[in-house]
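Please dock the two separately framed chains into a single complex, following the hints provided.
Residue strings, one per chain:
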Amino acid sequence: MKDKGKLLALLFIGSEAFFFLTLLMTYIYFRRDTLIHDSVAPHLNVKRAAFLTICLVTSSVTFMLSKKSLFKNKIRRFKIGMFITMLLAAIFLLGQGKEYYDLYKKQITISRDIFGSNFFTLTGFHGLHVFLGLTCISLLFAFSFSKFKIVTKAGINGVEVYWHFVDGVWLFIFFYVYITPLL
Amino acid sequence: MSLYQPIPEPKDELPSPKRSTGLLSWFSSVDHKQIAIMYMLLALFFFIIGGLEAMVIRIQLSMPQSGFVTPQTYSQIFTMHGTTMIFLVLMPSLIGLGTYFVPMMIGANEMAFPRLNAFSFWITCLGGFVLYFSFFAGNAPNAGWFNYAPLSEKPYTANIGIDYYVIGLSITGIGSIGAALNFITTVLTRRAKQMKLNMLPLFVWMVLVNSFLILGAFPLLNSGLFMLLIDRQLDAHFFVPSTGGSALVWQHIFWSFGHPEVYILILPAWGVISEVIPVFSRKPIFGYAFVAVSSIAIGLLSFGVWMHHMFAIGMSNTVNAFFGASSLLIGVPTGVKVINWIATMYKGSIRFTVAMLFCLLFLINFTIGGLSGISFALVPVDWQLTDSYYVVAHLHYVFLGGTAFAVFAGVYYWFPKMTGRFLSEKLGKWHVWLFVTGFNMTFLVQHLLGIFGMPRRVYTYMDDLPYGFLLNGISSAGAVLMFIAVAIFLWNLYISYKKGKKAGPDPWNAWTLEWATTSPPTLQNFKELPPIHSRRPLWDLKHPENQDKRLN
Numbered sequence: 001m002k003d004k005g006k007l008l009a010l011l012f013i014g015s016e017a018f019f020f021l022t023l024l025m026t027y028i029y030f031r032r033d034t035l036i037h038d039s040v041a042p043h044l045n046v047k048r049a050a051f052l053t054i055c056l057v058t059s060s061v062t063f064m065l066s067k068k069s070l071f072k073n074k075i076r077r078f079k080i081g082m083f084i085t086m087l088l089a090a091i092f093l094l095g096q097g098k099e100y101y102d103l104y105k106k107q108i109t110i111s112r113d114i115f116g117s118n119f120f121t122l123t124g125f126h127g128l129h130v131f132l133g134l135t136c137i138s139l140l141f142a143f144s145f146s147k148f149k150i151v152t153k154a155g156i157n158g159v160e161v162y163w164h165f166v167d168g169v170w171l172f173i174f175f176y177v178y179i180t181p182l183l
Numbered sequence: 001m002s003l004y005q006p007i008p009e010p011k012d013e014l015p016s017p018k019r020s021t022g023l024l025s026w027f028s029s030v031d032h033k034q035i036a037i038m039y040m041l042l043a044l045f046f047f048i049i050g051g052l053e054a055m056v057i058r059i060q061l062s063m064p065q066s067g068f069v070t071p072q073t074y075s076q077i078f079t080m081h082g083t084t085m086i087f088l089v090l091m092p093s094l095i096g097l098g099t100y101f102v103p104m105m106i107g108a109n110e111m112a113f114p115r116l117n118a119f120s121f122w123i124t125c126l127g128g129f130v131l132y133f134s135f136f137a138g139n140a141p142n143a144g145w146f147n148y149a150p151l152s153e154k155p156y157t158a159n160i161g162i163d164y165y166v167i168g169l170s171i172t173g174i175g176s177i178g179a180a181l182n183f184i185t186t187v188l189t190r191r192a193k194q195m196k197l198n199m200l201p202l203f204v205w206m207v208l209v210n211s212f213l214i215l216g217a218f219p220l221l222n223s224g225l226f227m228l229l230i231d232r233q234l235d236a237h238f239f240v241p242s243t244g245g246s247a248l249v250w251q252h253i254f255w256s257f258g259h260p261e262v263y264i265l266i267l268p269a270w271g272v273i274s275e276v277i278p279v280f281s282r283k284p285i286f287g288y289a290f291v292a293v294s295s296i297a298i299g300l301l302s303f304g305v306w307m308h309h310m311f312a313i314g315m316s317n318t319v320n321a322f323f324g325a326s327s328l329l330i331g332v333p334t335g336v337k338v339i340n341w342i343a344t345m346y347k348g349s350i351r352f353t354v355a356m357l358f359c360l361l362f363l364i365n366f367t368i369g370g371l372s373g374i375s376f377a378l379v380p381v382d383w384q385l386t387d388s389y390y391v392v393a394h395l396h397y398v399f400l401g402g403t404a405f406a407v408f409a410g411v412y413y414w415f416p417k418m419t420g421r422f423l424s425e426k427l428g429k430w431h432v433w434l435f436v437t438g439f440n441m442t443f444l445v446q447h448l449l450g451i452f453g454m455p456r457r458v459y460t461y462m463d464d465l466p467y468g469f470l471l472n473g474i475s476s477a478g479a480v481l482m483f484i485a486v487a488i489f490l491w492n493l494y495i496s497y498k499k500g501k502k503a504g505p506d507p508w509n510a511w512t513l514e515w516a517t518t519s520p521p522t523l524q525n526f527k528e529l530p531p532i533h534s535r536r537p538l539w540d541l542k543h544p545e546n547q548d549k550r551l552n
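Protein sequence lines, in the order shown, are assigned to chains A and B.
The UniProt record's numbering applies: residue 1 is where the first sequence begins, and numbers increase by one.
The UniProt record's numbering applies: residue 1 is where the second sequence begins, and numbers increase by one.
Pulled out of the complex, with its shape left as it was, chain B reads as follows (with noise of 0.2 Å):
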């Protein structure tokens, strides 16, 4: 007799919200799209902690030699800030959105392996609460979200904070790299029949490179924090210089995982970006291979330009010069992109609704954010300005204005499809106006800040800072607007999925396949698919005499 038979598999419909309402048919679920949606909520969970974090960072900086928490406390939240917004706020939301749409984009049913991704967002749910343990247990962590050794070893961190660090990201990790596996075989193995690879939707694109990108760079973190872990616990000294050890290969593991995850927080935001621009203007995408080309260019590249956050340790310029060009490079696959999106919109029916407004907002300050990316690549500017407030300036305009408003948009376009009720547009263009006023209000000027010589991470500054206590001020102020913007956002959703307009099955008139069935989808996403022949197989089937050309 063989060996071969199938796993017994039940054969009786997964637990959904339609069947039963109980809490545990979501700890039990293993449907992508209450996955999906419980990683949604894990983000949102963390975005407001992390926001509260901010708050506090910023009402301590609004003045000079404030005394608004103790230094010790604001070491831990800034830390905590840092990595909360990095691993519990953008992973998850951009993961959340993709374990809901990517199998419904290509016409599945399910993820290849829905038991690894339940496994994946229960993984990723620990490793936070791990992080946020911390506090209970004493001391959270207080050498910055990047952690440098020697500063994170035994002799100078002696408390239990660094250890729930390492605990808990190497959790979260393995709950990323579940994630990404998932999706890769989901994106090869489950796409409907007729869709081939150059028809899959950009979103889709994106988070398989994106997928490839986390495969490659999260093994790196969670070794870098092995050893980090073997040396606070069995005394070893790989990053600790006076017994031999070196605390540049810390910098160098972990920069060659953290560069890649830039782009790993990134790539996915363009994919939604690249989704919902060409639906509000009523023009397929300008250049859809040099979108989903140059997304490759730039997995590849982002392995290859860590060492421009390394520039002032004083390599030679000829390491300098490469990781310099390297860095440069990287701008041209992006600035592809921009054009790509502007492109599209050119001549277009442009509707401005509060999903488009993001989208513009992101596109004026993504790039706002990727200029000051490029001078971190000329190394003299960079020896001027790193460890400055411009840092803390860049990387928020293209997390916060880049991945942020990118997620934004997104839930506004698929809050329809998910509960079947539109957020209320009303609400949602304070939120878009109030937010971008405020971001730009507290981070425009921190890039004065850090030219004007205020160093990040500091507990308080003095009052000859030039300008420091007015600029401080309104970046303060600024915070505060995004603190009220953000608030107008949870009303909307709260009170949009309870009474919201009702939506249709394809209520922004869309093209991509997760149309095609019913808002919210029902446990099965697809009963019968449309024929899938080109890119926009849903304007195919509402616009018969004017097909897109046949890919297939």
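The shape of chain A in the complex, shown without the other chains (with noise of 0.2 Å):
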């Protein structure tokens, strides 16, 4: 592989799926092999979250189409294409905070049980990773305007991978912790 870019992305991810994956794994094994009782599974919004994963999917594939844009040269629809990603990005951190404060007020914490501890650190540690993609994204969208521009194939190869990675990790949680328990 010559775009070293792109392969030190890929490998990168390959590091933190291990990390996610010890994450899921600790979630899984207290699901399923603990006694204490589910409680915050039942107060979890199934509907929202549905939602928020239609957007932290959508934006990939709105990063796709403007990246193509990109390299056809059309800068407009690059940055409108960025822009939206952007946007649903956004919903994505703002829904989950609302989820936050919505479990909050119902005193669910993660001090109150085990779920607690393992819901908040798993989807934290995810929302911390689409904070950090969303940078890396703005940072793109906010090069395409400057002067000196800088966006190297190299560059916005790697965010793309590590975007679509942040995506696919989602699907798994959204499967193991919103739609598991209604099965």
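Hints may be right or wrong, so weigh each one.
Unchecked claim - Covered stretches of chain B, as calculated for chain A (at least 3 residues, CB under 8 Å):
1. 185 to 199
2. 230 to 240
As the list claims (entries may be wrong) - As a list, the in silico DSS-like pairs of lysine-lysine whose alpha-carbon atoms are at most 30 Å apart:
3. K429(B) x K499(B)
4. K549(B) x K347(B)
5. K79(A) x K153(A)
6. K527(B) x K153(A)
7. K6(A) x K283(B)
8. K105(A) x K549(B)
9. K501(B) x K426(B)
10. K153(A) x K196(B)
11. K196(B) x K6(A)
12. K153(A) x K193(B)
13. K499(B) x K527(B)
14. K283(B) x K549(B)
15. K68(A) x K6(A)
16. K193(B) x K283(B)
17. K498(B) x K429(B)
18. K193(B) x K4(A)
19. K196(B) x K4(A)
20. K527(B) x K6(A)
21. K154(B) x K106(A)
22. K4(A) x K527(B)
Rather than coming from a laboratory, the hints here were simulated on the basis of the structure.
Quantities reported herein were computed from a predicted structural model and do not represent experimental measurements.
Backbone N, C-alpha and C fix where the C-beta goes; we use that ideal spot for every residue, glycine too.
Shown next, in the form of structure tokens:
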């Protein structure tokens, strides 16, 4: 592979995958193997989470489209695509914040029980990754306005891979945290 | 206008010790050779500290019911000794050797990401100092290097040391991941044009496999550490059994990192051995493909054996049998390597330099360590010996008799390349023989101590242990010998750097590309490369009539 930026990003998210794998396995372990009553799951807002999932998946698509238009040198469409991506990511983060606030009002916190510990750690670390991805996308977006145009191919490819990864991790979290209690 | 423009890079040369001698040129350096030397110096610094801690441990244990240090201090010392030696000595020294020689062996002038390289070093450095700052903050970590929960949780260890352990280790872990990312991208994208993957020197192969292991293993550790930190600081319950958590989850997470880590610490060491033995036997390595492929096998297997650290927790027989078998299996590729090294020496004309002596002693001691490791794969034996001094003996045979010997071999082998001067062979022979004598005195008898029932991590012991005083005395005396040997080594480094015998570009008459340039290399490693058609480009250059088989 010649594109060392993309290779680096792929390897990096490979190692990140192990990180989330551990958190997810811990979550599943405690869901299955402990006798603690599942006290948080009934309070989760699955509909909102589904909407947020759609937002995140769509943002991956808009990122891809805007990258394509960049490669065709259509800068305006690139900017619009990036803006929509940022917007969707921001909606996701705000939605997650609202979820945390709702739970907090019901006095469900990280220290209440093992489910709370798991839920907030898992989704919190994912949210942190969304935030970092959003920061990178904002930088790409901002660079496209500056005179000093330093968006490199390696850079944008790296951010794209990372963003798809964050999206993919969320699908797993959505399935295991929100869907499986309903099944 | 296209958005694609290259990021402006400075065109002039990067700072190097040749051009400016100021400290700033080191602090700001992105040159892989300078960073590698800083890695090695960091490892050396912590090796001295970890060694002093080991001396405290051995003085305390040299006689029954000794009161040399308090129990509290003792717990901190043995914890810090283990943590230091693994994360701040062995890891940085291996990564340092890799950072120096991987680009040179593949004919590259620099790592793929020089700034990431500098970042990895400094963050490792920071992690080490955060860990040691705990001494000044009131209390060093004291729950052992694997920091078992719930002992490491607030109710049992309220002091600040564990928090420093968690933060320090996760920082060094990030540094190791950065280095691993850099190694893989360097090997895959920066190789000389003619060099195909099956022509890589074995050291590069091992570092490559190793980097994949790091990428798989360290995130596991980091997630565990973060959970522990969340437990301690935000009152979560992951590893607190009384409120729904599970102490076993910590063990699973830690050892699913910890066992690959063992191979992370030995693979590059094997790489060093695979470079040094052929050169000093004047024969190409026997079974190149076997050595490379068995590393990959070990890399894959290493993620499937972690529960052999946990046989005593009471898992089902099926699980025990599976992990026992997989642990036995991993001995096979390891044995393949040992056979390859011995076969390389067979009918070779061996030069007994210090580097070669360390390799030979590596083979002996590492094999002992490997065999005692196999005994832990047998579940009933493990039940008998777990948490005894037998384990201590085993892990020192593989880490010290294995990895550290290989690092010493690498230092003696490559010192002329790094500095342009030989290390003194005479002092080196004192170093090697004193060290190996002391090493075997210290740790061979610990097998017996373990079998007789001395538990590890204990502060002191009673008079009634069979031969307890005698064996512990021998063990401590051996530690003193090792201490003297290391002092000789340090003196050797210093005096040889100042006025050692001058070495030419290829003092050992070796074959790999790093010897194709001057010693020490200039800032730009290579102006031009020799033609590369086989695994031994310099051999082909020197023996045009008897070249190796062309591989490209």
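Check your understanding: Against the structure shown, which of the earlier numbered hints fail to hold, in ascending order?
Key -> Numbers 7 and 8, in rising order.
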